[in-house]
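Participant: Counting with this note's numbering, you get residues 1 to 444 for the letters of the sequence shown.
Hints in this document: simulated from the structure, not taken from any laboratory. There is no bait here: all hints are sound.
SDA-like, lysine to any residue: derived pairs with alpha carbons at most 25 angstroms apart:
hint, residue 1, residue 2
1, Lys-332, Asp-401
2, Lys-332, Ser-370
3, Lys-332, Ser-395
4, Lys-332, Thr-52
5, Lys-332, Ala-414
6, Lys-332, Thr-441
7, Lys-332, Glu-366
8, Lys-332, Ile-408
9, Lys-332, Ser-56
10, Lys-332, Gly-306
11, Lys-332, Ser-307
12, Lys-332, Asp-411
13, Lys-332, Ser-346
14, Lys-332, Thr-86
15, Lys-332, Ser-69
16, Lys-332, Leu-36
17, Lys-332, Thr-35
18, Lys-332, Gln-416
19, Lys-332, Ser-265
20, Lys-332, Gly-440
Computed spacing ranges between beta-carbons, pair by pair:
hint, residue 1, residue 2, range
21, Ala-434, Asp-208, 49 to 59 angstroms
22, Thr-216, Arg-68, 31 to 41 angstroms
23, Gln-226, Thr-441, 33 to 43 angstroms
24, Glu-399, Ser-125, 46 to 56 angstroms
25, Gly-369, Ala-171, 44 to 54 angstroms
26, Gln-163, Asp-123, 18 to 28 angstroms
27, Ser-220, Gln-139, 31 to 41 angstroms
28, Asn-240, Gln-184, 21 to 31 angstroms
29, Ser-265, Gly-233, 24 to 34 angstroms
30, Gly-369, Asp-148, 49 to 59 angstroms
31, Gln-226, Ser-181, 35 to 45 angstroms
It should be emphasised that the depicted structure is a prediction, and the values quoted were computed from it without experimental measurement. Glycine residues also receive a C-beta, built at the ideal position from the N, C-alpha and C atoms.
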Amino acid sequence: MTIRTYIRAFLFLITAMGLFACGGSGGGGEAAPDTLQGVFIDSPVSGLRFETTTASGFTDAQGGFSYRSGELVRFFVGDVFIGEATGQAILTPVELVAGAIDESNIQVQNIAMFLQSIDDDGDESNGINISLSANNAAQNIAQGQSVDFGLAAGVFEADGGIQILISNMTATNGTARSMVSRRQARDALGANLLALFAGNYQGTFTGDDTGSWTVTIDTSGVITGQRTSDNFGEATVSGNVGSSGQSSISGTVDTVVFSGQFSRSGEVSGSWLDDDGTSGVFSGQRLSVTPAPGGGNTPPPTVNSGSLAVSGNDASVIGVSYVPNVAPVVIKDTVFNTGGVTVNWSQSLFSANGFESRSMVFSYNENDGSLLNVGYLRITGTDANSAPTSFYSYSLDCEVDVQACLSISLDVPAQQVSFGGTLLAADVESDATADIGLVGTLSW
Numbered sequence: 001m002t003i004r005t006y007i008r009a010f011l012f013l014i015t016a017m018g019l020f021a022c023g024g025s026g027g028g029g030e031a032a033p034d035t036l037q038g039v040f041i042d043s044p045v046s047g048l049r050f051e052t053t054t055a056s057g058f059t060d061a062q063g064g065f066s067y068r069s070g071e072l073v074r075f076f077v078g079d080v081f082i083g084e085a086t087g088q089a090i091l092t093p094v095e096l097v098a099g100a101i102d103e104s105n106i107q108v109q110n111i112a113m114f115l116q117s118i119d120d121d122g123d124e125s126n127g128i129n130i131s132l133s134a135n136n137a138a139q140n141i142a143q144g145q146s147v148d149f150g151l152a153a154g155v156f157e158a159d160g161g162i163q164i165l166i167s168n169m170t171a172t173n174g175t176a177r178s179m180v181s182r183r184q185a186r187d188a189l190g191a192n193l194l195a196l197f198a199g200n201y202q203g204t205f206t207g208d209d210t211g212s213w214t215v216t217i218d219t220s221g222v223i224t225g226q227r228t229s230d231n232f233g234e235a236t237v238s239g240n241v242g243s244s245g246q247s248s249i250s251g252t253v254d255t256v257v258f259s260g261q262f263s264r265s266g267e268v269s270g271s272w273l274d275d276d277g278t279s280g281v282f283s284g285q286r287l288s289v290t291p292a293p294g295g296g297n298t299p300p301p302t303v304n305s306g307s308l309a310v311s312g313n314d315a316s317v318i319g320v321s322y323v324p325n326v327a328p329v330v331i332k333d334t335v336f337n338t339g340g341v342t343v344n345w346s347q348s349l350f351s352a353n354g355f356e357s358r359s360m361v362f363s364y365n366e367n368d369g370s371l372l373n374v375g376y377l378r379i380t381g382t383d384a385n386s387a388p389t390s391f392y393s394y395s396l397d398c399e400v401d402v403q404a405c406l407s408i409s410l411d412v413p414a415q416q417v418s419f420g421g422t423l424l425a426a427d428v429e430s431d432a433t434a435d436i437g438l439v440g441t442l443s444w
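Between the sequences and the hints, there should be enough to build the whole structure, so can you do that?
Facilitator: Below you can see the structure in the form of structure tokens.
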């Protein structure tokens with residue numbers, strides 16, 4: 001059984017316990033689609049007004065906004081329409097412009113120039129914050145008219161109306177400023193787009209040769225790693241990824257070149273070719289993100305889901321802290337309509353020693369707010385498709401051990417759950433040796 005299979009089995013079991021513990025049957029209408037969370041990145045843009053058919057508001061400090069699958073998300077500053085795109089986990093000025101792939105697009109540059117110019121402190125490297133007063137100024141001055149972000153280079157920055165708008169908006173923050181230069185906006189956006197690809201990746205290749213690969217991308221787009229051929233063994237590889245995600249990776253001692261596309265959501269695919277004519281395809285995914293250096297560019301955004309401190313005899317092995325680095329998944333019972341809801345948080349780690357996956361699952365009944373169960377799983381292996389080298393599992397059934405679950409505080413409106421020394425029992429069928437304690441808060 002591979003690591004992926006273990007995880008699926010664990011999640012299926014804990015989800016079934018959480019969703020269907022109340023039993024019941026019957027029909028009912030279709031459940032409303034779950035609300036999803038995305039982030040808008042030039043640098044992270046807070047105070048950007050967004051609208052969908054079901055939600056509206058302002059992006060938070062991380063650039064976060066809400067949407068439902070398939071919805072169009074429209075962005076504004078005051079009454080100034082910035083652009084729109086189908087909702088996804090990461091949106092940038094690039095996604096707002098049809099046909100654009102990176103910061104070289106003039107309309108993308110115009111949007112970046114505008115957003116960076118109206119940042120409240122004029123320093124995009126620490127995030128772009130559009131103050132309420134700047135939003136109000138844009139609403140009063142623009143009077144429902146959209147800035148024409150489709151203007152040509154040179155024409156956009158020379159437009160008197162846009163210059164006055166930016167000056168008046170920034171004046172509300174204390175000092176009127178002029179528009180940032182095109183080069184400055186382009187270079188800053190390009191660096192932040194590159195940083196979105198940073199992290200550790202793993203995958204396989206097939207064709208005339210087969211094997212696996214692992215690489216790390218830094219915040220400048222530099223790729224380093226290793227390719228392992230089933231026929232020829234290991235080889236060091238290096239390369240670069242551009243701000244559009246297009247990449248080229250080659251060996252330092254052989255002639256194989258991997259050319260492909262990295263997505264901002266972490267998927268990788270492409271083809272490979274050797275100079276002897278052999279060829280094939282490759283694919284993979286990001287396992288963990290690489291934080292940007294202090295004062296550097298935007299790191300790959302992950303939803304800030306909180307953290308837990310882990311205690312107990314096994315903590316020295318499974319880790320003394322748990323910090324999810326993958327957006328949580330929310331599953332609701334739409335089959336039996338029991339009100340069961342299960343939230344799954346994941347933390348994927350990759351190192352020279354192999355792959356490690358940690359999963360935290362919590363279930364409750366949204367009809368009455370009752371707690372159902374908690375589960376924690378930690379698995380290691382040489383990669384995500386290998387048989388696990390270790391398997392640690394812990395759980396707590398709140399319907400059986402009500403007293404133990406009094407240490408859990410659930411806040412459904414705030415979408416968070418807190419653990420105050422909650423004990424999870426070791427699964428005797430796993431490598432776990434003793435109970436673990438959890439302290440901290442997770443959100444979804």
